[in-house]
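What follows is the residue order along each chain.
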Amino acid sequence: MKPDIPSACWFALLLAVSPSSAPAQTSTDVIVESVNDYGPNGQLPNSIANGDGFMRNMVFPGSRWTSGARYTNSAVYDRDFVDVSQNALGLDSLYFDRYARAAAYFTGHGITHHGCSTVPCTTTATCTRPETATGGGVARMPGTCRFSPMDAPRCCYMVDRQFVTYSPSGDRFGGLVNYTRGPVRFGESPQSGGWAGAGTDGGANLVVLDISHGILPPFWAHTLVNANAGVQLIATLMTAGGDTANVPDRGPTFSMFYRANENTRVSTSWVQTMNSLPANEGGACPGGGGGHGFNGCGCNIIVGMDNSPQRAAGSMTEAWVHLSSDSNDALGHQFYEARWVCNYPLPATDQRAWELP
Amino acid sequence: MTRSHPVSIRGVLALWLACAGVGLARDGAAGLVASDKGGAVGYRHALERSRFEVGASDAGPRRVEEHGFAKVVGPRGVFATHLRNGLVIAVPSDGAPKAGASQAATEARYGAGPDRHNAQVLEYFRAAGLPGDQIGGVHANTYLSARGSTSELRPAQPQVDGYASILERKVEGHAVVDSVAWARLDDRGRSISEWIYWPPIPARALEEARELEALLGGAGRGDFLARLPAGLPPGRVVIRHSSAVAEGPFEAFASYDVAEPVSQPALPGEQAASPARRRASTVVRHFDVTGVERRLPQERRGAGPDFPPR
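So the protein sequences, as listed, match chains A and B. Numbering follows my numbering, with no gaps: position 275 of the first sequence is 323. Numbering follows my numbering, with no gaps: position 95 of the second sequence is 177.
No lab work stands behind these hints, which were simulated from the structure alone. Among the hints, a few may not be true.
[Claimed, not checked] Quick list of the computed label-pair ranges, beta carbon to beta carbon:
1) A:166 with B:386: 14 to 24 angstroms
2) B:374 with A:200: 23 to 33 angstroms
3) A:375 with B:268: 50 to 60 angstroms
[Claimed, not checked] Covered stretches of chain A (in silico footprint by chain B; criterion: 3 or more residues with CB under 8 angstroms from a CB of chain B, positions within the stretch not fixed):
4) 84 to 94
5) 100 to 110
6) 170 to 179
7) 350 to 360
[As the list claims (entries may be wrong)] Selected chain A positions facing chain B (in silico; Cβ < 10 angstroms):
8) 121
9) 198
10) 329
11) 344
12) 364
Don't be surprised by glycine CBs; every beta carbon is placed ideally from N, CA and C.
Next comes chain B alone, as it looks inside the complex:
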């Protein structure tokens, strides 16, 4: 079993503050990031806390601001911190043109299995200073590859190349859906790639989550659900916020999230197919404590025109 290793380490945060030198960060600095009073702290990653190596050179790593990121650039990779929201992306500079790619397609492998990888990543991020009491679980995604001739009737069996382990964030028992921290490690425990976006959560969002939970657990449940569009499946109370790739000011709110199935359009000759058979996708809808549907910043479509005209 690799999913949901619940972490119940009360006091981890205090321990780190006292013993590991993890201080509350000012804007732009690494470490814990303060929220408003009653909110939940965030975490900002930094190269000195990372197991990602940009590589050594005589001149040392280069520091540049480029494409909206503050980057530490070495011969092996880039450690990039988003200038506006603190997102960290660390990825290798391992590209090569097709003609020059002699065996360059070979990637670092990880052979110890997903459970071991999960444990290593959990330990890594805890040691880096990510608040342990906000880690609700960890699970692994699997990297695979396959190759062969396109004329083969039977495809070659794929191989497992490695894992990424992803931390799930919880605050006061509520999933903070849009916070993401993951790392892919090699056999020596070094980070091959990582992505960390763990912003502070304002007190208001936590208050709303408590209100929603109380509403759904009490006499107001029926009234609340009656305000939602008919026919929706059951949902759950979560905290949503601007994603790492959203533009505009940071937003966070508590939501009753509902995953609504979407059917594909009826295809020619298949008009009679039932919506259940045509189920092709899912859309997650968000309702606030008043039952009003909300759109996250990343979900708001731009009003720009199509171009060029045709």
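The following block holds chain A by itself, in its conformation from the complex:
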């Protein structure tokens, strides 16, 4: 049980973890926050095994990573992810986005809001009425004529992405963490600078949101731009008509690539984690594919942002050995580069994988 932190103690705590005295150039800590138990709302029985597995294959004798923190179930507060500069109740600089975090991994529920209407379409140009969306949340422009192997083209709209905690005593935001337009900023550090308006009291270099519907296509940039405040990479899951399987081995499989070769790319390790999960678990994706940590159709996606196209592209080349270097922290979020692997085949020549232009 985490104690409530009186506001009077806040500044002392912040000073205690403040990087201002000796800014580190290297971040090695790993934090995992995992939720199995959603109380009367049900269970995700594999989240804790998943998060612990990620930690296990990152932190072991001889590893370059160090054990930062591990919280489970009701010890995971929504406040852990909220930036104090955006909301005074936020605790991210003490927990998820604390200074010297190399990797910060959350595994639990995402939300199902999809922003889609039932209005069929043949071009995105006609998708201009977000008020027709029926999938929950607050839909807004931009629109997209989205399709997938499981869905005919219909107008869909941007809707905030969020993940869910369950700590009746510790949550202060209804158990919802809105990382699209909410008070969430990842990775602001002395090395990145305070360009995001969130100070420099963060530190996560890699954020993993192992959740359902982490991104919905094609909003890979829109979804994450506000949360990018210096973080080097954000990895998550993108559904394309299916839903995410709550599996125990996505996290440990990802970090197993580190054990095998620390000079291979972090971005490739995440997307190839999909290939390495069982294919015959979960439902099929129509037309071929499915499984690999999804029930239906989905993708492992990773996004890097920075102040130039070159630096954004460079985020995709970072190996595990580079992840610890805060000199790779983002200096802005004007440009992005994204990579992903989907659990179904797409033809090599047809780029219209998600929307009708």
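Assemble the complex: chain A is given as a structure, and chain B must be docked to it using the hints.
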């Protein structure tokens, strides 16, 4: 159509044993890995059977034991064999710091499409010695990328960069869910990355699968299903085993696997939303021949405490 190219090559195993020099491996050696009597052989990959190239150097590749793997390290990549369970991961050493990454983000592309890639990977693994009669199908995952300005209202169209083709394992008609072999090839047919975990399956697991199949196909079906929790969707008989990333002793058993939908918690203001609308995830549950629910080693959560206290 790219999924489920059924392979019915009776005798492939014998052919390889006789003609291709593929012998039953001792512990730690590459090739076919013997099971107990009545079980199914496994396969252990090796660099000499691989199309992955670690790269040439004057000193030759370096061999080290590190982080639980026996590694062959070259200038271009690492071929790593897990010391305990034989898992092989071969991946390039293509990382670069952000500041030094001039066009380094460009990756090898594959332009021939998923069907061709599937056929190439199938042929590759067969030639390497993976038992052909255990290949139940092959399917492709797609690599994509996109880039642009975050201020653009419309995102740039993504591009297809390549594929990984994944072999599906079947023994006696039952999917062996946790066995995984995949490779990503470049346009010249060389392996860019690969992962192979294909352990031997003990006879007991195959016997259990036959028992379960008979039970579900006969008069005992109703009794068996009645022992399961109510309200579950239909399942299927498969063979499950410790995953490549599981700790502890190897386990394998036959399971009636059921994919159970999970709804997200009701959100503030959406209490009335139906569970179907809130469906957010899926959990696969496993029931043995007696109807008892089982947990795979990788699914068992540790009992460790949270830390640091707060």
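Structure-based check of all given hints:
A C-beta distance of roughly 47 angstroms is found between residue 166 of chain A and residue 386 of chain B, which places it outside the suggested range of 14 to 24 angstroms. The hinted range of 23 to 33 angstroms is not satisfied by residue 374 of chain B and residue 200 of chain A, whose Cβ atoms lie roughly 42 angstroms apart. Distance hint check for residue 375 of chain A and residue 268 of chain B: the Cβ-Cβ separation is about 31 angstroms, which falls outside the suggested range of 50 to 60 angstroms. Evaluation of the coverage hint for the region 84 to 94 of chain A: fulfilled, as 9 residues show C-beta separations to chain B shorter than 8 angstroms, against a requirement of three.
Three residues within the 8 angstroms Cβ limit are the bar, and the region 100 to 110 of chain A against chain B gives 6, so the coverage statement holds. For the region 170 to 179 of chain A, the assignment as covered by chain B is violated, since 1 residues bring a beta-carbon within under 8 angstroms of that chain's beta-carbons and 3 are needed. With 6 residues carrying a beta carbon less than 8 angstroms from a beta carbon of chain B, the region 350 to 360 of chain A meets the three-residue requirement, and the given coverage holds. Given hint, residue 121 of chain A at the interface with chain B, holds; its Cβ is 9 angstroms from that chain's nearest Cβ, closer than 10 angstroms.
Contact between residue 198 of chain A and chain B, as hinted, is not supported at the beta carbon level, the nearest pair being about 13 angstroms apart and thus beyond 10 angstroms. With 10 angstroms as the threshold, the beta carbon of residue 329 of chain A comes within range of chain B, its nearest partner Cβ sitting at about 5 angstroms, so the hint holds. This hint holds: residue 344 of chain A has a C-beta 9 angstroms from the nearest C-beta of chain B, less than the 10 angstroms allowed. Given hint, residue 364 of chain A at the interface with chain B, holds; its Cβ is 5 angstroms from that chain's nearest Cβ, closer than 10 angstroms.
Comparing the model with each numbered hint stated earlier shows that hints 1, 2, 3, 6 and 9 do not hold.
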